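So the protein sequences, as listed, match chains A and B.
Here the first sequence is numbered in this note's numbering, starting from 1 and rising by one per residue.
Here the second sequence is numbered in this note's numbering, starting from 1001 and rising by one per residue.
Do not take every clue at face value.
[Unchecked claim] Residues from chain A shown here face chain B by an in silico Cβ test under 7 Å; the list is partial:
#, residue
1, Ser151
2, Ala155
3, Ser158
4, Phe161
5, Leu162
6, Lys164
7, Trp171
8, Pro172
9, Ala176
10, His179
11, Ile180
[Claimed, not checked] Within a straight-line C-alpha distance of at most 30 Å, the following computed DSSO-like cross-link-like pairs (lysine-lysine) qualify:
#, chain 1, residue 1, chain 2, residue 2
12, A, Lys164, A, Lys208
13, B, Lys1018, A, Lys91
14, A, Lys164, A, Lys150
15, A, Lys91, A, Lys164
16, A, Lys164, A, Lys154
17, A, Lys91, B, Lys1026
The hints are simulated quantities; they were obtained by calculation from the structure and are not laboratory data.
Only a predicted model underlies this, so the values are computations on that prediction, with no experimental measurement involved.
Cβ coordinates follow ideal geometry from the N, Cα and C atoms, glycine included.
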Amino acid sequence: MLRSLLLSRFRCFDSLRLEIPQGVVLFHGSNAQGKTSLLEAACILLRLQSPRATALGECAQFSQNTFGIAGSLEGKETNSLRFHYAENGRKLSVDGESQRSATDYLRHSALVVWMSNEDLSLVRGSGEQRRRFLDFMASQLFPGYREALKSYEKALRSRNFLLKRDARPPWPQIDAYTHILDENARILTQCRRLLVESLAPLAERGQKEIASSEENLHITYESASGDNDDLFTTLNARRDEELRRRVTVSGPHRDDLLLSLNDKPAAKFASEGQQRTVALALKLGQANLFLQSRPEPPVILIDDIFGELDPDRRNALMAYWPLASQKLIATTHLDWLDDRFADAARMRVSQARVERES
Amino acid sequence: MASIDYPIPVRHLITLLKQLPGIGPKSAERIAVWLVQHGTDTGIGLSHALAAIAEDIIECRVCGFFATQAEGCAICHSSARENDVLCIVEQPTDILPLERSGAFRGHYHSLRGRISPLDNIGPDDLRIDELTLRLTKGSFQEVILALSSDVEGEATAHFLVDLLSAFPRIKVSRLAQGLPAGGGLHSADELTLLRALQGRVTAS
Ligand SMILES: [Zn+2]
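So that you can see chain A by itself, here it is in the shape it has in the complex:
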């Protein structure tokens, strides 16, 4: 669990030093006071990626191009983590020792589950949203996944560029990139498949437990790499189509996670309430999968969903989230609080200042 957080020039915080109590911590305050940014900073420190910004540079303050986040993590061992972002590169350190790679750094960190109102787009949104969900999980569980994803994306950009650039595409160069896509696609596909196999039963059980009625959620991973995950052969067979469309037509960037409720696609046929339950079941499934995967329970970051959930789903969330996990909750209102939160620490967030209230 995260015991402290230090921010420097991060979004609205010029500088902040925060001791974080154990268990459930409520950060409350009006909108745009910095609640979500606190959770985001915790996520970046622990996982080196933001659930909000696509580029970390967006977290720097206006007219600045650096920011820093540090914190201490308590578990089997205690580690102090430091992340410093600058336009020309980032610096990572653990216990004062600088880390050469993200993989080295992340080995000392904790797993993270992020929950927010945007989770509904896991069900309603495009495949992109579901791939990001898979990537966020797989990067945490499988060493090497992050690197493979980066190489894949880089090779994909070059390959798509080559497909578009000339009237007659330079196939020998394009094929060189097809090899790289193929090598990395095998890693991504295997990890995603393994991940969904472990996640599916947990999320499917969660759906039944959250919904009071019998709701059969079914989750399937759909690979877009073709037979036997052989992307090289698949792309070669679709060359005419690529010549017409000028874009890479198969591969993990087209994968999807199929969600069906009582045998019908959830995006189309489920009610909004059911869709919210599916989104919650996916995130609780992630939390419980992470709980099983590591000796240390995941840190759960919950951005503003508590006030939006109806009492049944709120109760379900509290019944199925891992008890041992630290939960940092950002919320605008506290009117939903009941005596189950008697022990929760309350922090008031106002104008980029944080005060402990209880």
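Please build the complex by placing chain B with the ligand on the supplied structure of chain A, with the hints as guidance.
Relative to chain A, chain B with the ligand alone:
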């Protein structure tokens, strides 16, 4: 009132120094002032060295390593090298660490870069025609690809493997993994290079 600055020759020197890699305006000014104040001998020595480089140093037309007009290329002209193995590298600076590792006694071929479409560098910008010419004429039995292990290095390697399939009698191998990604060969230590050379794998 007009502001006072250094005399024109000093300003000119500062402007030139600023163009050097890793030298910013402050360093350029510091170096120029130092040369003016106590470096007459150094300054003249430096200007001779620069003139000699401009006149004499060329890129070897065969392997791409640094050569001189007068003496030619120390690698290509040596009789003590194995004539059946060719090692392909991205940059001429990648050759020295391989030499120092002592594990390789064959010939080299610098591509002078690697394929990187998004930076507008394609095969035509590299010394690939020179390579095929050498392979057609030469006595090489084996080609070792010693390129960096990031996406551009890998793409260049795959491109070359396909290209070299036109020479069925030549065995193509790649350095075993262990070279730092992105850094090229010159950031690898000698032991890493030695292991990589010994563990090279046949490319398919
Ligand atoms: Zn030469």
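Here's how the hints hold up against the structure:
no.	hint	in the structure
1	Ser151	5 Å, holds
2	Ala155	5 Å, holds
3	Ser158	5 Å, holds
4	Phe161	5 Å, holds
5	Leu162	5 Å, holds
6	Lys164	10 Å, violated
7	Trp171	10 Å, violated
8	Pro172	6 Å, holds
9	Ala176	4 Å, holds
10	His179	4 Å, holds
11	Ile180	5 Å, holds
12	A/Lys164 - A/Lys208	47 Å, violated
13	B/Lys1018 - A/Lys91	28 Å, holds
14	A/Lys164 - A/Lys150	21 Å, holds
15	A/Lys91 - A/Lys164	36 Å, violated
16	A/Lys164 - A/Lys154	16 Å, holds
17	A/Lys91 - B/Lys1026	25 Å, holds
Comparing the model with each numbered hint stated earlier shows that hints 6, 7, 12 and 15 do not hold.
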